[in-house]
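Student: Listed below are the residues making up each chain.
Protein chains: 2
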Amino acid sequence: MLFLVDEWLGIDKISTLPGHKDLDSETLQFILEEAGKFCSNELLPINREGDEHGATIDNGVVSTPPGFKAAYEHLVAGGWTGIDAKPEYGGQGLPKLVQYLIDEMQGGTNLAFKLYSELSHGAYHLLANEASEEIRNRFVPNMVAGVWSGTMCLTEPHCGTDLGLINSKAIANDDGSYGISGSKIFVTSGDHDLTENIVHLVLARMSGAPSGTRGISLFAVPKYLVNEDGSLGERNGVITASIEHKMGIRGSATCALNFDHAVGYLIGEENKGLRTLFRMMNMERLTIGMQGLGFVDIAYQNAYQYALERVQSKAPAPRPNDSKAADPIIYQPEIKRILLRMRSQLEGGRAMAVFACHHVDVMETSPSQEARADAADLVALFTPIIKSYLTDLAVTSTLSAQQVFGGHGYVREHGMEQNVRDSRITQIYEGTNEVHAVDLVTRKLSGRIGQSADRLFDSWRELFADNRANSDLSVIVEPAEDALARLQEATRWVRAAIESNDAAARGAATNYLRLFALTAIACFWADIVISIRDKDGRFYETKRKTARFYMQHVLPETESLYQVIMAGAESLADFTIDDFSS
Amino acid sequence: MLFLVDEWLGIDKISTLPGHKDLDSETLQFILEEAGKFCSNELLPINREGDEHGATIDNGVVSTPPGFKAAYEHLVAGGWTGIDAKPEYGGQGLPKLVQYLIDEMQGGTNLAFKLYSELSHGAYHLLANEASEEIRNRFVPNMVAGVWSGTMCLTEPHCGTDLGLINSKAIANDDGSYGISGSKIFVTSGDHDLTENIVHLVLARMSGAPSGTRGISLFAVPKYLVNEDGSLGERNGVITASIEHKMGIRGSATCALNFDHAVGYLIGEENKGLRTLFRMMNMERLTIGMQGLGFVDIAYQNAYQYALERVQSKAPAPRPNDSKAADPIIYQPEIKRILLRMRSQLEGGRAMAVFACHHVDVMETSPSQEARADAADLVALFTPIIKSYLTDLAVTSTLSAQQVFGGHGYVREHGMEQNVRDSRITQIYEGTNEVHAVDLVTRKLSGRIGQSADRLFDSWRELFADNRANSDLSVIVEPAEDALARLQEATRWVRAAIESNDAAARGAATNYLRLFALTAIACFWADIVISIRDKDGRFYETKRKTARFYMQHVLPETESLYQVIMAGAESLADFTIDDFSS
Numbered sequence: 000m001l002f003l004v005d006e007w008l009g010i011d012k013i014s015t016l017p018g019h020k021d022l023d024s025e026t027l028q029f030i031l032e033e034a035g036k037f038c039s040n041e042l043l044p045i046n047r048e049g050d051e052h053g054a055t056i057d058n059g060v061v062s063t064p065p066g067f068k069a070a071y072e073h074l075v076a077g078g079w080t081g082i083d084a085k086p087e088y089g090g091q092g093l094p095k096l097v098q099y100l101i102d103e104m105q106g107g108t109n110l111a112f113k114l115y116s117e118l119s120h121g122a123y124h125l126l127a128n129e130a131s132e133e134i135r136n137r138f139v140p141n142m143v144a145g146v147w148s149g150t151m152c153l154t155e156p157h158c159g160t161d162l163g164l165i166n167s168k169a170i171a172n173d174d175g176s177y178g179i180s181g182s183k184i185f186v187t188s189g190d191h192d193l194t195e196n197i198v199h200l201v202l203a204r205m206s207g208a209p210s211g212t213r214g215i216s217l218f219a220v221p222k223y224l225v226n227e228d229g230s231l232g233e234r235n236g237v238i239t240a241s242i243e244h245k246m247g248i249r250g251s252a253t254c255a256l257n258f259d260h261a262v263g264y265l266i267g268e269e270n271k272g273l274r275t276l277f278r279m280m281n282m283e284r285l286t287i288g289m290q291g292l293g294f295v296d297i298a299y300q301n302a303y304q305y306a307l308e309r310v311q312s313k314a315p316a317p318r319p320n321d322s323k324a325a326d327p328i329i330y331q332p333e334i335k336r337i338l339l340r341m342r343s344q345l346e347g348g349r350a351m352a353v354f355a356c357h358h359v360d361v362m363e364t365s366p367s368q369e370a371r372a373d374a375a376d377l378v379a380l381f382t383p384i385i386k387s388y389l390t391d392l393a394v395t396s397t398l399s400a401q402q403v404f405g406g407h408g409y410v411r412e413h414g415m416e417q418n419v420r421d422s423r424i425t426q427i428y429e430g431t432n433e434v435h436a437v438d439l440v441t442r443k444l445s446g447r448i449g450q451s452a453d454r455l456f457d458s459w460r461e462l463f464a465d466n467r468a469n470s471d472l473s474v475i476v477e478p479a480e481d482a483l484a485r486l487q488e489a490t491r492w493v494r495a496a497i498e499s500n501d502a503a504a505r506g507a508a509t510n511y512l513r514l515f516a517l518t519a520i521a522c523f524w525a526d527i528v529i530s531i532r533d534k535d536g537r538f539y540e541t542k543r544k545t546a547r548f549y550m551q552h553v554l555p556e557t558e559s560l561y562q563v564i565m566a567g568a569e570s571l572a573d574f575t576i577d578d579f580s581s
Numbered sequence: 000m001l002f003l004v005d006e007w008l009g010i011d012k013i014s015t016l017p018g019h020k021d022l023d024s025e026t027l028q029f030i031l032e033e034a035g036k037f038c039s040n041e042l043l044p045i046n047r048e049g050d051e052h053g054a055t056i057d058n059g060v061v062s063t064p065p066g067f068k069a070a071y072e073h074l075v076a077g078g079w080t081g082i083d084a085k086p087e088y089g090g091q092g093l094p095k096l097v098q099y100l101i102d103e104m105q106g107g108t109n110l111a112f113k114l115y116s117e118l119s120h121g122a123y124h125l126l127a128n129e130a131s132e133e134i135r136n137r138f139v140p141n142m143v144a145g146v147w148s149g150t151m152c153l154t155e156p157h158c159g160t161d162l163g164l165i166n167s168k169a170i171a172n173d174d175g176s177y178g179i180s181g182s183k184i185f186v187t188s189g190d191h192d193l194t195e196n197i198v199h200l201v202l203a204r205m206s207g208a209p210s211g212t213r214g215i216s217l218f219a220v221p222k223y224l225v226n227e228d229g230s231l232g233e234r235n236g237v238i239t240a241s242i243e244h245k246m247g248i249r250g251s252a253t254c255a256l257n258f259d260h261a262v263g264y265l266i267g268e269e270n271k272g273l274r275t276l277f278r279m280m281n282m283e284r285l286t287i288g289m290q291g292l293g294f295v296d297i298a299y300q301n302a303y304q305y306a307l308e309r310v311q312s313k314a315p316a317p318r319p320n321d322s323k324a325a326d327p328i329i330y331q332p333e334i335k336r337i338l339l340r341m342r343s344q345l346e347g348g349r350a351m352a353v354f355a356c357h358h359v360d361v362m363e364t365s366p367s368q369e370a371r372a373d374a375a376d377l378v379a380l381f382t383p384i385i386k387s388y389l390t391d392l393a394v395t396s397t398l399s400a401q402q403v404f405g406g407h408g409y410v411r412e413h414g415m416e417q418n419v420r421d422s423r424i425t426q427i428y429e430g431t432n433e434v435h436a437v438d439l440v441t442r443k444l445s446g447r448i449g450q451s452a453d454r455l456f457d458s459w460r461e462l463f464a465d466n467r468a469n470s471d472l473s474v475i476v477e478p479a480e481d482a483l484a485r486l487q488e489a490t491r492w493v494r495a496a497i498e499s500n501d502a503a504a505r506g507a508a509t510n511y512l513r514l515f516a517l518t519a520i521a522c523f524w525a526d527i528v529i530s531i532r533d534k535d536g537r538f539y540e541t542k543r544k545t546a547r548f549y550m551q552h553v554l555p556e557t558e559s560l561y562q563v564i565m566a567g568a569e570s571l572a573d574f575t576i577d578d579f580s581s
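Heads up: the sequence lines are chains A and B, in that order.
Mapped onto numbering that gives the first Met the number 0, the consecutive letters of the first sequence carry residue numbers 0 to 581.
Mapped onto numbering that gives the first Met the number 0, the consecutive letters of the second sequence carry residue numbers 0 to 581.
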């Protein structure tokens, strides 16, 4: 993390943004190390019991697993709930990039616990940006401090992806508030015992609103009503009906909530609730990608340690110690290959994430309007890629770590199987990865965002052209350049398909997103290697070796993805829905 | 199944083998339908409670989950434990291919339950082939009848893959039996309440035996001693220390067993226990592949049904019903693509399995010695491929089905998450998939087995040459032919590497196995399509469409696998074990 932010991106890119002039390398290092310690010392030790005990519900009251309350108190006391919140609300005012790196650490060490503060974080940013001053002052500081928390209530039993089908109703009260009624499911941290109050952000339809997505409004609905002086009043009409029994993140309470004439406050404009909410959800999607990256890291760390320690079978020549009956399994080329696949994608994926998350800060704080707009386009482009690729990588990596542990990975003891189960949700929530892939091909390749992609491709081309002749670099730059050419051709194909054959473009969405991600990571790797071309020493040499492994072992998948995209539409279209039944 | 066995393979290929002349299409259909009913009516309904309740241990006594006892009684009453056992032992004498197809069904509907009879099946075949007449008569009929069961006790805490490290001891008793002492872990069905007795097949080392794999012998160690008249005697010195808490197959008792001077009987030759056991394990590995295939099937069936029923978002034009607010998600091209990836690999993978499993029957029963030897080579070649590829496919398919269900796939209700957890073990047990890949490259590409591969490649080449000119077939035959050329080149590379750079060949093992499997399935698909080239009608038309989808969407992965194999050795070797720490 430090290498990428401090050396590769450059700490000055952050410190020259308004509000961050004091952020230097030492401060960054201190914060990240403290965050790491908190995760190692407080969150990791309660991760397994959180899974085994799970969140529980008794008579409509939800309890978190043993240890969660104490850890949450420490989270609050350490100021970790307000990292990137504005100081005016009691936050630390640090760059969002720092928050995203902490998201990675917390996501990988104890996702179930992290989720109790994560949606709050999104919710208070939304309220800070969109709510009236009165609501802002009443809710936001307590949420930044972690004394209150927040949720997002979107899904209903009959609608997940398609929020246009929402049935929950909002009826205007005389005092300007609304009575909210309806059933919401899959509400993360919908109820728990960690905070005094919970502020639900609820999508509902006002009486007489248009059908579909254009008739949905957003409301803040507190669990306990809040008096004008900020003290807590009566319980609001929000009932916890049940919690889900899930594959993983079992310590996180995923709730079904019934709203029964609950008092809610309109946030943002009437009937524009989806637009209001999606500003928050887009930021949240990057967070999900960082959760995924956290799982890749903890999977890699565990698999590496186990492979060093587990002694089994003789390694092929030259053996580390010929006199022993067996060697550590890391000397088995298949195990080494698995570890390097994880590591090269982890480091390259983190470079992509640092690039994208830094642009969130630029988008929000740069003094230049043009820079803000350009950054917003890059963030929009990379959001589905970060969300989907990094969470896919999370699951393949936790599976790989489990595989390195063999039978010992299938039992609970080492925690590898829990990582598989916990990481699996990241591919599903906040929109399935397929939905994001369709978002990429249908909305992110045209207009301003599409031009932004083209400018990025051009900037890479120029960089590679300047460095291709260097024979040390060419083994890394050339494969990246070839992959980029394929990506650009596939992009032309997708853009044409969107115009002429929408179904064909959508059927290529996941393959295209993966082609984009693998290629972009190759380009970031090439960029990194170019940036350290004059640096010697083991650390930099290992970066070059890792980059080269990526080019030879991971990047070639783009060849087949390219082929499938360019030639696969016909056989997909030819197979009709009726054919499935024969 | 019926199409593949009856039409494609040809039922006469089976009925002309000794002992199977009465097996006609109707009988086959009847058996498979009854097996399917048993799985649907008896095994599927107890699958979820088996997971939630799990196997339990109380004071050293293991109990199976509710419903398992009744289902096991029905399994025994229906004669399902002795499908391919010889009639002289009370079996049905059916072809092994039929047993393998039933393995697929049972594996997919309730693997945890199936495992209680599965190892017994392997164990009684081993005893029938290898044990003395006395032991055979005393143990085998009861095991075939399912009144007794069997296990394999291989793994010890410090050795899984590398059985040469085994520490368990065997000391000769005066009566010709042995006293077995040691600790075994990961013993599937090591203890339970379904049968009167359990016969453990245990690997142990006799006093003074050579170290490593050449000093290991195999013993039959019953839970209860068996008197000469066949009645049960005293409890033997086998203690159940604990059962594992696992990610999945939680209804299956995976035991740690302590052997304390337990009475055991030598099976096969002294110090040749591994060789004796591996004859059984090879058959068992095909069974694991069939379990994997079962998960692919149940994943596909569930995902297809859900995608038909779940209404969400509008489909791209032309929509099935423009007047509705949303369409079934199967109309989303990404969902359709996911389903077709599953289906095309399922049907193609099953063709490969039918081919391989049929050759087990040829190998065991053909009157021609040459045919038996040739078949044995093909079985040896395909065993690692069936085991690893089909179980990898099981996990990617159960994950895909879960993804189609979205958030509803992450909760327990629909069973999709259980299928992921249950199927995951198939990639690990009976040797991890990586171990089988290394087996393929190091032992299956040279000598007789290697020649067998070359003959198979040549036979496909000839078949394709004869049919390439047919323009209807060429869209399927040509991609298969191109992939075959790549496989043959990669095979040459691997064979050369084995001679010159063993580590390089081993580091390419998993990629090579996958290249082999994907290409072989393409060739089997081409073979199928050629075999039905004169047949009309929806059923056959759908086969052609599915084959074409496979060629355009699945097979292209072989391009990148080929590239990684041919060019990836250097970057893997360059990265040293020390580099991992920097």
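It is worth saying that the hints were derived from the structure and are not from the lab.
Be a bit skeptical, because a hint or two may be false.
Same chains, same names: a pair is fine if it fits in one copy or spans any two.
Subject to a maximum C-alpha distance of 27 Å in a straight line, what follows is the list of computed DSSO-like cross-link-like pairs (lysine-lysine) [what the hints assert, rightly or not]:
no., residue 1, residue 2
1, Lys168, Lys313
2, Lys168, Lys68
3, Lys271, Lys542
4, Lys271, Lys323
5, Lys68, Lys544
6, Lys12, Lys313
7, Lys85, Lys542
8, Lys534, Lys85
9, Lys323, Lys168
10, Lys544, Lys271
11, Lys544, Lys20
12, Lys534, Lys168
13, Lys544, Lys323
14, Lys12, Lys271
15, Lys544, Lys168
16, Lys542, Lys20
17, Lys36, Lys20
18, Lys168, Lys271
19, Lys542, Lys68
Student: Give a verdict on every hint.
Tutor: A quick look at each hint next to the structure:
In this assembly of identical chains, the alpha carbons of Lys168 and Lys313 lie at most 27 Å apart only when taken from different copies (23 Å versus 67 Å within one copy). Within a single copy, Lys168 and Lys68 get their C-alpha atoms no closer than 34 Å, and across copies no closer than 50 Å, so neither meets the 27 Å cut-off. For the homomeric pair Lys271 and Lys542, neither the shortest alpha-carbon distance inside one copy (47 Å) nor that between copies (48 Å) is at most 27 Å. When the C-alpha separation of Lys271 and Lys323 is checked against a cutoff of 27 Å, the pair qualifies only between copies, where the shortest distance is 23 Å, while the shortest distance within a copy is 69 Å.
In this assembly of identical chains, the alpha carbons of Lys68 and Lys544 never lie at most 27 Å apart, being 44 Å within a copy and 57 Å across copies at closest. Within a single copy, Lys12 and Lys313 get their C-alpha atoms no closer than 49 Å, and across copies no closer than 43 Å, so neither meets the 27 Å cut-off. Taking the shortest alpha-carbon separations for Lys85 and Lys542, neither the intra-copy value of 36 Å nor the inter-copy value of 61 Å comes in at or below 27 Å. Proximity of Lys534 and Lys85 under a CA criterion of 27 Å is satisfied in neither setting, with 38 Å inside one chain copy and 71 Å between copies.
For the homomeric pair Lys323 and Lys168, the shortest alpha-carbon distance between copies (21 Å) is at most 27 Å, but the shortest distance inside one copy (72 Å) is not. Taking the closest pair of Cα atoms, Lys544 and Lys271 never come within 27 Å of each other, the shortest separation being 50 Å inside a single copy and 45 Å across copies. Taking the closest pair of Cα atoms, Lys544 and Lys20 never come within 27 Å of each other, the shortest separation being 35 Å inside a single copy and 62 Å across copies. When the C-alpha separation of Lys534 and Lys168 is checked against a cutoff of 27 Å, the pair qualifies neither within a copy, at 62 Å, nor between copies, at 57 Å.
Proximity of Lys544 to Lys323 under the C-alpha cut-off of 27 Å is found in neither arrangement, the shortest distances being 29 Å within a copy and 55 Å between copies. With identical chains, the CA atoms of Lys12 and Lys271 are never at most 27 Å apart, being 35 Å at best within one copy and 68 Å at best between copies. Taking the shortest Cα distances, Lys544 and Lys168 never come within 27 Å of each other, neither inside one copy (58 Å) nor across copies (47 Å). For the homomeric pair Lys542 and Lys20, neither the shortest alpha-carbon distance inside one copy (30 Å) nor that between copies (65 Å) is at most 27 Å.
In this assembly of identical chains, Lys36 and Lys20 lie within 27 Å of each other by CA distance solely inside one copy; the values are 25 Å within and 71 Å between copies. Proximity of Lys168 and Lys271 under a CA criterion of 27 Å is satisfied intra-copy only: 15 Å inside one chain copy versus 75 Å between copies. With identical chains, the CA atoms of Lys542 and Lys68 are never at most 27 Å apart, being 41 Å at best within one copy and 57 Å at best between copies.
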